[in-house]
Structures are given as structure tokens and as C-alpha cells.
Amino acid sequence: MRAIRPKLRSHAREHIVTIDTDSAPRLFFYGENLMMEDLPVGTRVIYPKRPMTPVANPVAAIRYALNHPEDSEPLHALLRPGMKVTIAVDDISMPLPIMRTPDVRQLVLEIVCEMLADHGVDDVHIIIALGLHRRMHDWEIKRMVGPKVWDEYWPDRLYNHDGCDPDGMVVLGHTPHGEMVEMNKRVAESDLTIYVNLNFVPMNGGHKSMAVGLCGYESLKAHHTPHGIVQSNSYMDPPKSYLSHSFKRQGDLIEKTLKVFHIETVLNNRAFDGPLSFLNKNEDDFTEADRLKYQAMKWTLDKLPFTARREIFMRTPAAYEMIGCYAGGCDPVHDKTLAKQNEQNCVEVDGPADILLMGIPYISPYNVNSKALNPLLVQVMALGYFYHMYRNQPILRDGGVLILTHPCSDRFDPVHHPSYIEFFNRILTETTDAYTIEKKYQDELAYNPSYIEMYRRGNAYHGAHPCFMWYWGQRGREKCSRVIVVGADNATVPEIMGWETAGSIAEAIAMARGTMGRSAQVSMMHHPPYMICDVM
Amino acid sequence: MHRASSKYKNSAAFYDVDGTLIKINIVHAFAFYAARHASLIESAGRSVKTALSIPVFWAADKLSRKWFNEIFYRSYEGQSEDRLVVLADELFEDVIKPNIYPRAKELIEESRRAGVRQVLVSGALDFTMKPLARYLGVDDLIANRLEFVDHYATGKLKKPFVAGATKADIMRAYAKEHAIDLAESWAYTDSFSDYPMLAVVGHPTACNPDLRLRSLARSYDWPVLDLDEEPARAVSRRPQGLARQIRRS
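Residue numbers (this note's numbering), protein chains in the order written: chain A, 950 to 1485; chain B, 126 to 374.
Among the hints, a few may not be true.
As the list claims (entries may be wrong) - Below, a list of computed lysine to any residue pairs in the SDA-like style, where the Cα atoms sit at most 25 Å apart:
| no. | chain 1 | residue 1 | chain 2 | residue 2 |
| --- | --- | --- | --- | --- |
| 1 | A | Lys1389 | B | Glu272 |
| 2 | A | Lys1170 | A | Asn1374 |
| 3 | A | Lys1389 | B | Val210 |
| 4 | B | Lys134 | A | Glu1022 |
| 5 | A | Lys1170 | B | Arg259 |
| 6 | B | Lys134 | A | Pro1115 |
Derived by calculation from the structure, the hints in this document are not laboratory data.
Let the hints inform the model, and build the full structure from the sequences given.
Laid out in C-alpha cells, this is it:
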């Protein structure tokens, strides 16, 4: 009889598991579904760290940060009766999935608004700093800010930023590199701006908050370029990110011109809990109950229609908890935020992979409450965000093969992503070259009056947004020798993207080994929740 | 802030009017005239006649826009030109203006800001559309023209009729005359019967579309605009009910 061998994993390296002959199959997200696949012996599976212990009392932590800020006077000392204050707050694109209520932004807003009222500051507006993202629906805003702030401020003093409003935007100037800096007019005219940030990935927060969240198209196109993305190694590593440097140049100009008090919050990575907590686990550690839960979930998802599956995932908020809150000047606050975030999300990995596997989940920053993760967003998750989840050196070596699991259905949300549809069906079928798209088509989509109207008064992403999404994947496209998608339900979408298809992970790995050799190092990034690989 | 004006100097935006920019149609305008006659009895009589004709108008419209025009505009026979023109301003203030879709003017302003030439292409009568064209500040108006003999309407339209496929022909001619690049132009309409006007431009947009046009727009991946939706002033509920979600998708 075969002996039962206990799995002994050192605590320090528990996030790296090497597949053995008796290892359990691994779980991949597959859009709005899951798949369990056996991986070849020797495959390195990289897991996120366990969720850090949250602060015991988030409200007290926020109050402490406001009263003991970094490189700034306490918030209460900056307030004068009768002054004009604008609170800018991050939009719904983070965290992913959406977090349970109360949202951490609600906690911050309630404290800040109360403090403003106590100091006789009545001229207060709250602006959702969405940049060129879609306007948030009213029910989304209510959920995010909570009933107290909602009842007091909506709709006249709580609203979405409008980057295309000719009367609502001003130009603050140009950086030494010639990048235009636009700003929301209300913010530019305020005596004090308080930025309430929810930091989920290292590329967010800091100078990006003001420079992107409250800008217009002319500012954004200065750094949202294929060149900028290719020069970012990676954009999840701010010191090595062209984007972050550009944000900083714009942000420095903003900080010189305007008085801004930054509040940044950091969450742990408890994306799933309760009945879904098995999704956070190493599959070797699954209990019998976990296996049953997986089987039940998989059986149900297989039986349900697409919309129902999507609805189930969208209505399952994450159990994120606050692990840090910092306030004050932009740079020192963001340094602390990044340090805490890296403590939670960075995992050490020895050397890059030749073949990298990843499951693409149902969600991205740009399809919260949308009807689908459309093909462009699949691309941005794979070649954009997940490819860039590294520091030091890429987790997938240059010339390596990327394997992803997603159905790649030809589904778009016509309300949230109207210009994506044109981009994918018209422009991408003419050229996939990001540099040509930037020169030839970006302005056309950006200035299309129908798309501007849909962005300003509907709930659509800005017309040029799909171009930016294509650029986000440019470094990944240039560095990967092949991209193979497993489980695509059609041939057209992968073909338009320039991807190959395979019926199973095993087939995809065999195809990849054709390029990388039999001894190729195969790794799997086991997300969500996401992790950032410190590749040594 | 916008730098688009030079890019779109050879572009035009063509708007259908009834159902696209305003909530009402030409029958409302006719009913307005019918109810404003010198004698009360004549007003009442014409109003009743108009009401009774609605099923005929509806059926004719469904069968052929050409038949509809022939039947509908015959009702204007005998009306004096000055009366129709004088009452047009009142028609606009009382009937048309309150029924302009909330976001219609903003759409036109957005388009104008991009440097695009603004043109209304309507099957309604030109004198009823002129005050609206002035109000919206469009560059040109293409509309049906009623034939008058000795300043009295004959009940016939002058050719070409502005409807269906002819709209596309008129747009082509307009583009040629004004050096407009149709591939870089927009068309907005609510009705499937205006499919030709959408088909001749590079940027077709279904605007408050009927069921058939909405379905067509989805098939052709055209943007769909709903100008009737104003940004919410009070909270709406998140769409509830899984079953309803599935049905809606």
C-alpha cells in the first residue's frame, strides 16, 4: 500500500509549489468559469501570499493618518471656514472584485466630510476621479460612498468627473517634456483638494491619482502610448516605469500649482472567503469539503447560461480588509503605501519562466458590472496587467511563450464599451500595429462626437480607451514569441489578436515546447488574487 | 481643449428629426394645424378627421413611406401658405420645443465642437422645421416642401421626397456640393426605414432606435445612443432579478 505522504512546505516559500507526480491538478480561472488541469512534473506554481492581518480599527487608523500625516500639516490644520474644498475619490475600477460594504472609501469620506463640516467648510464637492473611464452609475456611487455621504451630497455636490467638458477643464501648463497637464476646473479653483485613493496595484496612486483621475484626453495621450508601455519594465514597478515617470512630471506641476492633501489606503488580498475560500488555497491542501465545493461550483457554472454565471461572480464581493492608511504629501505617502502593498503582494521567484501559464478571470478594471470581459480586455489582462506583474526582470523571459485560459467570446457591452466594438471589428482587422493605430486612428475615435456624447452623458468609456487598452499589451506582444489561448470558443477572436489556440493545457504546453525546447521551465501564476513576482 | 475642428472640416452630421431629436412626428404637427382654424366647428371637425385618419396613416407608413406621404400630405390641401408659415413658430414653441429629447442639443453641440457640419434631414415640412433648425443652430435643413399654387397648398409634395432611400441620395448630392467626405460623416436616425441614410456614411449611429434598427445596429456594431436618458438626479435601483438580467441580455 502506498504511504500517505504529508505535504511539507516551508513557511517562507509557501508561495512556490513545484508539481510532483502525485500533485493535485491546478485550478485555472476560465472567464466566468473554472477549470482544473494536471500540470507537467516540474512546473512551478506561484501563489500569492496569505492575506495580511488587517488594522484592528480602520476608522481609528484613518483618523490617525489624517492627524499624523507625512510631510504635511494635519488635515484639520489646513481647513479654514468658508474655503472651497474638493474631494476627489477613486472610481469603481478598483479593487477587483468590488469589495464588501462599507467600502474603505466610504469610511474615509465620512470622516473627512465630518471634519470639514466641523471646521465650517461648506463649499465641498466630491468628484469621482474617473479620468476617461466610464461614468459610474448612480447606484454604484451610492454603494461606494455609503448612504450618509450620498444623502448629503448627491447629485449637486457629488458627481462624476467629465474630461471632455469644454467648460469644466483647464490647462495648468506643460511639463519640461512638453506633456500637457489638464485639470478639472472645480479642482483647479479649489483652495484645497483632498484625494481619497484606494491603492490596489503599484501603478495606481501617487501622482497618477491627480494627473490621470482628473485629466482629459490631451493630457492622457502624452503617456498612454505604445512607446511608453514598451519603455516600462514593468509598469507595476514604478521606478522602472515610463508611465510613472510621466505621471510624476505631470504630478509635480499639479502639486506646484494646487494644494493637494493625499489619503491612500492599502488592502490585503483576501479576494475570496466563506464558501469560496478554497479559491485562495494551494490545491494540494484542499480538504474533502473544498473538493466538493469546487465540484458543486463547477457543475453549477457548467449548467448556467453565460449571463447568470457572470451575474453570480459580479454579485460576489471580495472580503478585502484595510492593512494601511497614510495621508499627507504625495511622494512620502505613496512611498509608504507601496512599501505596505509590496509586503502583501510581492513574492520572490528564482529566475524567469520559458513558458508561463495563467488563467484569465471574469473581471478587469474596465468591466465592473459590464456584460462581458470583451476580447480587448482579455488581451489587456494577459499581455498587459498579468504579464507586467514582476519586478527586477520579467517573469516570462523575452521570447517566451504565454499560455492563457479564456473562452475569448466575441461579446461586448454596447453601453460601456461602444468604441471597443468599432476598434475590434474595424481597426484591429486592418492593423494590429499599435504605432500605426496611435497615428492613424486614435484621434478619430477620441473626437468622434457620438462616443464623446456616450462618455459624457451615458456610461461609456472614452472613444480612445480601446486604443489605450491595445497599447497596454504592447510590451507583452513584443516580448512573447507566441501566445496560446486554451479553450477559446471561436477561432476568429484569437486570430484577430494574433494568438494560437489549443484544446487543453497539455496541448498548449506541447506546442510551446516546440518553440522553447523539452527542458523549458514552465510556470503558472495562480491568480486571482494577484501577486507581483520579484524575479531574482 | 479639443483639437478636432481641423480634422473634421470635411465632415457632416446628418440627423433625422422625428423620433431622433424630438419625441413627436409629423402627425402631431398636422394635428396642431387642424386644431387651429378660424371657426371652432371647423377646428373640431378637422381634429376628429385627423384622429380618425391615424390608423390609415399608420398602415400606410408601415406599407410604404411613399404612400404615406401621398395620403398624409393630401390633408394639407387648400390651406393657405401664410397661415401655415405664421403658425409654424407657435407650433415650435407649443409642440416641438417641449418634446426635444433632453440630450439632443448637447449631441449637436458636441458634434459642432468637433468641427462637423450640422444638417437636419427630415421628412417633415420645411416651414415646420425651420424654427427647430434655428433653435438647434444647425448649418442646413433638408426637408420636404409642400407645393403651393396661388399660395394655397395643393396637397402634394415637391420632388424629391425626403424619405427612405431618397434621403441617402440627397445626402450624397449634398456631400458633393459641399465637398463633404461621407466616409468621415455621421448619420443619426431612430427608424429602420432610414437604413439607407445610415448606410452611406462612415459613422452610422442609431439614436433612440426602434426594435428593428436596434437589432440591426447590434448586428453591424453601430453605436446606439439613447437621447431620452438624462443623467440621473435621483438614485435608480441596480437592475434586480437574475431572471430579468438573463432575459435582457
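The hints, checked one at a time:
1. Lys1389/A with Glu272/B: Violated: Lys1389/A and Glu272/B sit about 48 Å apart, past 25 Å.
2. Lys1170/A with Asn1374/A: 23 Å, holds
3. Lys1389/A with Val210/B: 48 Å, violated
4. Lys134/B with Glu1022/A: Judged against 25 Å, a Cα distance of about 52 Å means the pair is violated.
5. Lys1170/A with Arg259/B: 37 Å, violated
6. Lys134/B with Pro1115/A: 19 Å, holds
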